[in-house]
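Trainee: If you're matching them up, the sequences are chains A and B in order. Numbering of the first sequence is given in the working numbering, commencing with residue 3 and proceeding in unit increments. Numbering of the second sequence is given in the working numbering, commencing with residue 3 and proceeding in unit increments.
Simulated from the structure, these hints should not be mistaken for laboratory data. Watch out, some of these pointers could steer you wrong.
Note that identical chains are pooled: a pair holds if it fits in a single copy or bridges any two copies.
[Stated by the list, open to error] Think about it this way: if two alpha-carbon atoms lie no more than 20 Å apart in a straight line, the pair counts; the simulated DMTMM-like pairs of lysine to aspartate or glutamate are:
#1 K200 x E166
#2 K200 x D189
#3 K200 x D64
#4 K161 x E24
#5 K50 x D64
#6 K170 x E146
#7 K170 x D64
#8 K200 x D71
There are 2 protein chains.
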Amino acid sequence: MVRHVIEFWFDFSSPYAYFASESIEQLAAETKRAVVWRPFLLGVVFPKTSMAPLMQMPIRGDYARHDCDRIARLLGVPFRLPESHPYAAVKVSRAHYWLEKYRPQHVASFAHAVFRAHFADGRDPSEVSVMADIAEALDIPSDELLEAIERDENKAILKQRVDEAIGKGVFGSPFFIVDGEPFWGWDRMPMMRQWIEKGRW
Amino acid sequence: MVRHVIEFWFDFSSPYAYFASESIEQLAAETKRAVVWRPFLLGVVFPKTSMAPLMQMPIRGDYARHDCDRIARLLGVPFRLPESHPYAAVKVSRAHYWLEKYRPQHVASFAHAVFRAHFADGRDPSEVSVMADIAEALDIPSDELLEAIERDENKAILKQRVDEAIGKGVFGSPFFIVDGEPFWGWDRMPMMRQWIEKGRW
Numbered sequence: 003m004v005r006h007v008i009e010f011w012f013d014f015s016s017p018y019a020y021f022a023s024e025s026i027e028q029l030a031a032e033t034k035r036a037v038v039w040r041p042f043l044l045g046v047v048f049p050k051t052s053m054a055p056l057m058q059m060p061i062r063g064d065y066a067r068h069d070c071d072r073i074a075r076l077l078g079v080p081f082r083l084p085e086s087h088p089y090a091a092v093k094v095s096r097a098h099y100w101l102e103k104y105r106p107q108h109v110a111s112f113a114h115a116v117f118r119a120h121f122a123d124g125r126d127p128s129e130v131s132v133m134a135d136i137a138e139a140l141d142i143p144s145d146e147l148l149e150a151i152e153r154d155e156n157k158a159i160l161k162q163r164v165d166e167a168i169g170k171g172v173f174g175s176p177f178f179i180v181d182g183e184p185f186w187g188w189d190r191m192p193m194m195r196q197w198i199e200k201g202r203w
Numbered sequence: 003m004v005r006h007v008i009e010f011w012f013d014f015s016s017p018y019a020y021f022a023s024e025s026i027e028q029l030a031a032e033t034k035r036a037v038v039w040r041p042f043l044l045g046v047v048f049p050k051t052s053m054a055p056l057m058q059m060p061i062r063g064d065y066a067r068h069d070c071d072r073i074a075r076l077l078g079v080p081f082r083l084p085e086s087h088p089y090a091a092v093k094v095s096r097a098h099y100w101l102e103k104y105r106p107q108h109v110a111s112f113a114h115a116v117f118r119a120h121f122a123d124g125r126d127p128s129e130v131s132v133m134a135d136i137a138e139a140l141d142i143p144s145d146e147l148l149e150a151i152e153r154d155e156n157k158a159i160l161k162q163r164v165d166e167a168i169g170k171g172v173f174g175s176p177f178f179i180v181d182g183e184p185f186w187g188w189d190r191m192p193m194m195r196q197w198i199e200k201g202r203w
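The following block holds chain A by itself, in its conformation from the complex:
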């Protein structure tokens, strides 16, 4: 095997990605894979498939709100949709890739903190003060992080990753790729596990 990873593509503002983020590391550990955290921007990808933000869609949005509440109860994770939902995840995503490059040991904990700030604590991670709080709590210098997300280098990395997502056919969040095999949706994680454990069927 060349690549023992699970690519975990997500938009930080996606509730189903939040649920996935709470169990992907366990799934990866049990299947002997490493998680590659790959934030992208649904706002860029959605127009290519004529989709819109889920919670704003008629009928489907109502279902999704109800569905997220029952999934949260099932998983036992805190969850509420804040008024700031959905937020633009551009800056936190740039911060993510800056961390990946310069402070990779913080990637997973930062991602969890961003998801939880929004979906558990009702905060808006697109606000720099929220991002600064998250950084400080993880001993990441917030001034460095806030400076980094405005640098062209880090803007370019995110753009590259979004293009990569589009190139790989990623159209929703969460979206997993395992040895080239795509799995869309939180509810496909059991199938992904089966795929890894059985190999191609």
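Model the placement of chain B on the given structure of chain A, informed by the hints.
Mentor: Same frame as chain A, now just chain B:
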């Protein structure tokens, strides 16, 4: 309990509904429920949520074709998308509700036969000759069935069911309702089973 049923809403032309149809009776038996087969028309429902036929959507269609192939292999059911896909399920759906009213013992076997004619045998159930073949194979008088699907009474029943689907928030196929609880998608059948077995969580 007043209602010990699983409402199984589907469009006959939906591949994920076909997969669901191949296991819904076993799930129902194991959870001590009766299946209520409820065909409706995605073509009427989709515009309300700005959706389009899945296989015709860019990117998502490619994923769905790949996904259906692997699900079929996983389940061990024959599957191929015929050139006639997607077909208009209006007439077979009218036939379904006519059977429900006058020959209820044929409802499930007719539904299976329609699904398999399209997804296993590559036929187009919107053609009256195909419908006639399906009827004859089940000892349903095909002349009566073909006459019934043009009667206003049976057109009205289908229209009523489609309105009912819309009223209940059904927006995709398959879509299950259990004691008022909605589950969208083939991949949510395990969650539905859990819901029934655990009760509300």
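Trainee: Now tell me, hint by hint, if it's right for this structure.
Mentor: Hint check:
In the homo-oligomer, the alpha carbons of K200 and E166 never lie at most 20 Å apart, since the shortest distance is 28 Å inside one protomer and 42 Å across protomers. Taking identical chains as interchangeable, the C-alpha atoms of K200 and D189 lie at most 20 Å apart whether they share a chain (18 Å) or sit on different chains (19 Å). Proximity of K200 to D64 under the C-alpha cut-off of 20 Å is found in neither arrangement, the shortest distances being 36 Å within a copy and 24 Å between copies. In this assembly of identical chains, K161 and E24 lie within 20 Å of each other by CA distance neither inside one copy nor across copies; the values are 26 Å within and 43 Å between.
In this homomeric assembly, K50 and D64 come within 20 Å of each other (Cα to Cα) only across copies, at 13 Å, whereas the closest approach inside a single copy is 24 Å. In this homomeric assembly, K170 and E146 never come within 20 Å of each other (Cα to Cα): the closest approach is 32 Å inside a single copy and 51 Å across copies. Taking the shortest Cα distances, K170 and D64 sit within 20 Å of each other only across copies (12 Å), while inside one copy they are farther apart (30 Å). With identical chains, the CA atoms of K200 and D71 are at most 20 Å apart between copies only, with a shortest distance of 16 Å across copies and 32 Å within one.
Going down the numbered hints, you'll see the structure goes against 1, 3, 4, 6, while the others check out.
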